Amino acid sequence: MIASFLGVSGSMRRYSAFGWTIRSEIALALPAAGAETACDFTIRYGDAPDFPETPYCLDSIRYGLAEDRLRILVPRTADFKIRGRKEMLIAPEPGVSETVIASIITGLVLGFLVHLNAWLTFHGSAVVRDNNALIFLGACGAGKSTTAAAFCRRGYKILCDDLVPISVDGQVLPGVPRPRLTEASYRRLFDDAVPIPSLWDGADKYQAELDFSVAAATPRVSLILEPWAEDRFLAEPVKGWKKISALAPYLQSLPDIDDKKAILARLTSWLGDRRVVRIRRPATGFRVDELLDLIETASSKETI
Amino acid sequence: MNRFSEKLSVCRLDDELVLLDGRTGSYFGLNAVGARLFELLQAGFDREAVATRLLSEYDVAETQLRGDIDTFLFKLSELGFIECDDA
Chain A
1 MIASFLGVSG SMRRYSAFGW TIRSEIALAL PAAGAETACD FTIRYGDAPD FPETPYCLDS
61 IRYGLAEDRL RILVPRTADF KIRGRKEMLI APEPGVSETV IASIITGLVL GFLVHLNAWL
121 TFHGSAVVRD NNALIFLGAC GAGKSTTAAA FCRRGYKILC DDLVPISVDG QVLPGVPRPR
181 LTEASYRRLF DDAVPIPSLW DGADKYQAEL DFSVAAATPR VSLILEPWAE DRFLAEPVKG
241 WKKISALAPY LQSLPDIDDK KAILARLTSW LGDRRVVRIR RPATGFRVDE LLDLIETASS
301 KETI
Chain B
1 MNRFSEKLSV CRLDDELVLL DGRTGSYFGL NAVGARLFEL LQAGFDREAV ATRLLSEYDV
61 AETQLRGDID TFLFKLSELG FIECDDA
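Just so you know, the protein sequences line up as chains A and B, in that order.
304 is the number that our numbering gives the last residue of the first sequence; the numbers go up by one with no jumps.
87 is the number that our numbering gives the last residue of the second sequence; the numbers go up by one with no jumps.
Hints in this document: simulated from the structure, not taken from any laboratory.
These figures come from a predicted structure and were not determined experimentally.
You may find that some hints are simply not true.
Some chain B residues flagged as far from chain A (calculated, every beta-carbon gap over 12 Å) [said to hold, decoys possible]:
no., residue
1, Arg-3
2, Arg-12
3, Phe-28
4, Asn-31
5, Tyr-58
6, Glu-62
7, Arg-66
8, Gly-67
9, Ile-69
10, Glu-78
11, Cys-84
Listed next, the in silico DSS-like pairs over lysine-lysine satisfying Cα-Cα at most 25 Å (straight line) [said to hold, decoys possible]:
no., chain 1, residue 1, chain 2, residue 2
12, B, Lys-7, A, Lys-205
13, A, Lys-242, A, Lys-260
14, A, Lys-205, B, Lys-75
15, B, Lys-7, A, Lys-261
For glycine and all other residues, C-beta sits at the position ideal for the given N, C-alpha and C.
Okay, chain B solo, but in the shape it has when bound (with noise of 0.2 Å):
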């Protein structure tokens, strides 16, 4: 399951995401495949669903793709965005 913080607003600009850090005042914004994976997370999709699903949806190496993740939810649990259970 995947907990996002409640200072979070997430606002949608064309075909990116723009997290917004109500804390803050920091922006971060996210292109279309970071957009797609964003959603997917707060759509509820542990890491191996986000995988499976993205790598259905791209045209990507696996190895390449896992790690873009892993970093990803890193990045975002570093910022206080989200705690996942299987990060």
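So here's chain A without its partners, still in its complex pose (with noise of 0.2 Å):
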């Protein structure tokens, strides 16, 4: 099954993703890591028969865990197996791209990784500056990717994208620091710019390149992104046992693994006199720095 990419000579190349520095012999969609940083993952083409079998499904992908071996079945892609926090090994099946690898290995494979490697996990994004992080949760086309990356323009940096890692004592992780926009948000924000070959994500979005931060940082506010029919901007704060209500929709989890009600006790815990705010928008035509300002306001208010 691997035959056909044994011998392969990719140079080895270095990323930075969710603090750590990846080793790659595929080529990934993330920033470059500096040479003089120390390696603390490894990824390449190659197999081993000590891993799991994989009972666990979503949607299609199939996964198995035991110990510090996790395995993840792709159907008609590639085989992943990674062990520990150490190495993935990949043996795709024939005629598979190492674009398609490449993409699956940033919109998956390394979701699972960060998932398995934090204490509670969020679908969402998050900016920081000053150590403060700012995190935006919301459903899907809520704007939370687009906002995360026009908050760059005002001095923050991308923490993380799709998946926000929180670790056990409440600290937000770096994740994926790339925010993968549509082009029509892409060229709003890079001025009309278009988005590079290279920058797409094999599915339907561009990823960004902008600052990102790599250090762990204290989580200032969580803002759910909903957009309304109303032509106008609210900021709603939502206190009490209510966060949890509007928290929860966000959580992730993975079936068959994890304990649905041990992460809400986190939850829950995490939650404390943590700061949520509902930030409702118009679903169409509003401008950016709007909604910044509304969120800046917002976020830098002890009490509302």
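Two chains, two frames, some hints: make the complex.
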């Protein structure tokens, strides 16, 4: 199965994600890491016999976990085997392009790793400035990545996109630091510049190369972005136990592996007196700077 | 004496309490007054002592308050969260 890929010499490239330095035989759409940084994780073609079966399903993906060995089987694409926080071995199906492999690594497999190494994981994006993180949550299309990317124009750095990992001491951990934007959002953000093909994520978006941070940050506020039919903005603080129902929809869990009751308990413990604000914005036709102004105002107030 | 279920977790969110049922994953929110009532129970106050304390802290009719306390205790007991000697 992997014979066609043996002997491909790709040189090892170095990338930065989750605060790790990743050395990869495959070209990935991740920020480059300096040659002087020690390598935390290696990605290469190969196989190993001592990995679990894949009894669990996530859509068409099959996966299995045993101690520190994770296996992810993507049908008609590749078999990914991850050993602890050390290495990933990839056995592709014949004829599968490296571009497809790369997009699955950054879009799916690394997401599994982020989740398994975090205490809590949200579906969302986060930016940081002065060690304070703004977390953006919301349904697909709510503008989480676009809002995060836009904040970079105001001196913030990207901390993570798509998955927001939270550590056991409540900090927001670094994740994949490239927001994925639709072409329209990309062009709006970069003054109508057309994204180059190498930024294509293999699905439907482009990765934005922006300033990013690799250090954990203190969560300042969780912002739930919600488009609505009205032609105005509204910031509504969420208090007390209602914070649980507000954030629970954005919690990530792996079926058959995660204990949902334990995750809910962690969420409740993490929330404590942390601030949650619901940001309602017009569904269409608004200025992004107006949204950012509202968010910054809502984030800076100790009480609303 | 009030005995609370080992499967019950209690977390404070702002000025409210959340009771998490570790058996089912269900959670119940208590507003500020409910939170105060629960905290008195956790501190070992019996029903009479809870009523006395809350009457001094809140402007409420005694019969209303005692009825609310009984309803609250019944609900906690029904959920398996508490066993009270004087329930």
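Original post:
Out of the numbered hints, which ones does the structure contradict?
Top reply: Structure breaks hints 2, 3, 4, 12 and 14.
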